[in-house]
Structure formats: structure tokens, C-alpha cells
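Chains as they are written, first to last, in the UniProt record's numbering: chain A, 1 to 117; chain B, 1 to 130.
In silico contact screen, one side only, chain B against chain A (beta carbon under 8 Å); selected entries:
id, residue
1, Leu30
2, Glu33
3, Gly48
4, Phe51
5, Val66
6, Val77
7, Leu81
Derived Cβ-Cβ restraints for the label pairs, each shown as a range:
id, chain 1, residue 1, chain 2, residue 2, range
8, A, His82, B, Ser103, 28 to 38 Å
9, A, Thr94, B, Ala107, 23 to 33 Å
10, B, Gly63, A, His82, 38 to 48 Å
11, A, Lys48, B, Ala38, 18 to 28 Å
12, A, Leu51, B, Ala5, 34 to 44 Å
13, B, Ala107, A, Val110, 19 to 29 Å
14, B, Trp62, A, Pro91, 46 to 56 Å
15, A, Ser56, B, Gly97, 52 to 62 Å
To be clear, the hints were calculated from the coordinates, so they are not data collected in a lab.
Ideal Cβ positions, reconstructed from N, Cα and C, are used throughout, including at glycine.
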Amino acid sequence: MSEGGASEGEASEGAAADRDPGLQPERTRLAWRRTTLSGTVSAVLAVKTALHGGPSPAALIACALCCALWLGFLYLAHRRIHTLTSSDTPPSLTPRTAATAALCTVAMAVCGAALVF
Amino acid sequence: MIDLARNVRVWFAPESVRQEGSTPDYRFSLANERTFLAWLRTALALIGGGFAVDQFLPDLRWGWRVGLALALLAAGVLCSLRAVNHWVRCERAMRRGEDLPVSRFPALLSLVVAVVAVAMVFVVLVGWEG
Chain A
1 MSEGGASEGE ASEGAAADRD PGLQPERTRL AWRRTTLSGT VSAVLAVKTA
51 LHGGPSPAAL IACALCCALW LGFLYLAHRR IHTLTSSDTP PSLTPRTAAT
101 AALCTVAMAV CGAALVF
Chain B
1 MIDLARNVRV WFAPESVRQE GSTPDYRFSL ANERTFLAWL RTALALIGGG
51 FAVDQFLPDL RWGWRVGLAL ALLAAGVLCS LRAVNHWVRC ERAMRRGEDL
101 PVSRFPALLS LVVAVVAVAM VFVVLVGWEG
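Using the sequences provided together with the hints, build the complete structure.
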């Protein structure tokens with residue numbers, strides 16, 4: 001609740017104080033966890049695909065790339081969860097984090113297309 | 001198209017979102033974030049499905065297998081790009097106090113998934129021998 005409109009800001013400030021903060025940050029934290037889990041499943045399947053025909057240099061590179069992407073996503077989720085749990089009124093997600101998370105997913109798909117092809 | 005280019009610029013310049021309108025109740029922002037994450041999970045599931053088709057239908061003819069896998073992977077890419085774009089649009093609409101954007105993407109995605117599913121049934125029944 002940073003500087004919004006004067007009266008509107010006060011109103012929502014009051015509402016936030018009156019109302020139970022609820023489980024919103026908790027739910028969002030769990031949503032990040034679920035998403036990390038989905039990412040893990042995709043990464044495991046990618047590694048399985050990469051190593052299907054025996055370890056070749058290209059397969060190992062793709063494998064390493066998928067693992068790096070997975071670690072990158074894990075790091076993003078970890079930082080976001082830390083932000084969510086460390087304050088009473090958590091700041092909203094930054095577009096940069098959102099874009100990076102989406103790009104990790106896209107890169108994994110591109111990696112997968114290269115592997116499948 | 002111009003809208004899309006502007007949205008892409010916003011992805012990497014978070015400050016420009018902050019300057020618009022007023023900060024909404026953080027609970028709404030968090031709800032928007034969860035929706036974004038749900039779409040991202042959908043994208044990851046599609047990508048995982050692409051890998052699964054490639055891995056678990058090995059008896060299929062090469063063309064069909066790779067075609068189906070690539071279709072699923074492409075759907076995953078589209079889904080994740082759309083997720084972040086929709087998130088930016090919703091965030092901006094909330095800050096400006098406008099109506100949330102409507103989208104025909106869910107309908108398109110469900111049609112694509114239905115077509116891929118039917119194709120898969122067909123291919124598994126008919127093209128098994130390859």
C-alpha cells in the first residue's frame with residue numbers, strides 16, 4: 001500500500017488493517033511451489049529424452065541446459081517466496097521476474113524441440 | 001501488434017508499470033500472480049506432454065511422433081508467452097481501474113488440445129504399425 005490516491009489509499013489502508021490478511025501470501029507461495037514441481041517433472045522428462053539414445057555430447061549439453069533452466073526457475077521461485085513471506089503487505093510480482101519465469105519455460109520447450117527433432 | 005510491442009517493453013522495465021495509476025490492493029495482485037502461475041503450469045504440462053509423446057510412443061512412425069511432440073511443445077511456448085502478456089495487461093488494468101482484459105486464448109487452447117487429443121487417439125489406433 002504505497003502512495004495511491006489520497007482518499008482511496010486511506011480506505012484500502014483501513015480495510016487492510018480491519019480485515020484478516022487471509023492466506024493470500026500463503027496460497028501464492030504454494031502456487032510457486034506447485035509450478036516448481038511441474039517444472040521438475042518437465043525437466044526430468046527432458047533429461048530422460050536427452051539420454052534415451054545413450055550419452056552423446058549434444059545430449060549432454062541439452063541435459064545441462066535443461067538442468068540450468070530448472071535451477072534458474074528454482075532460484076526465481078525461492079526469491080519470490082522469500083519476498084512474499086518476509087513482509088506483511090507483500091509487493092506485487094515484478095514484470096522482470098514474470099518474464100524470466102516465462103522465458104525459462106520457453107527455453108525448455110525450445111531445448112525439447114531440438115531434442116525431439 | 002503495437003500493443004504487444006509495448007507490453008513486451010514493460011516485461012523488462014518494471015518501473016513503467018509502477019508509474020501508471022494507483023497501486024491496487026495487494027491481494028488482487030497476488031491473485032493475478034497465481035493466475036499467471038497457473039497458466040505457466042499449463043504450459044509446463046504441455047511441454048511435459050510433448051516429451052512424453054516422444055518417449056512413450058516409440059512404436060509410432062517418426063513423422064507422427066515428432067509432429068505431435070512439436071505441436072505440444074509449440075502450444076507450451078505460446079501458453080507461457082501469453083501467460084506473461086496477460087499478466088501484464090491485467091496488472092495495468094487494475095492499476096488504471098479499468099475492466100480486466102478479455103481473451104479468446106482459453107477457447108483457442110482448448111480447441112488445440114482437443115484436436116491434438118483426437119489426433120493422438122487416431123494415430124495410436126491406426127498408425128501403430130507405422
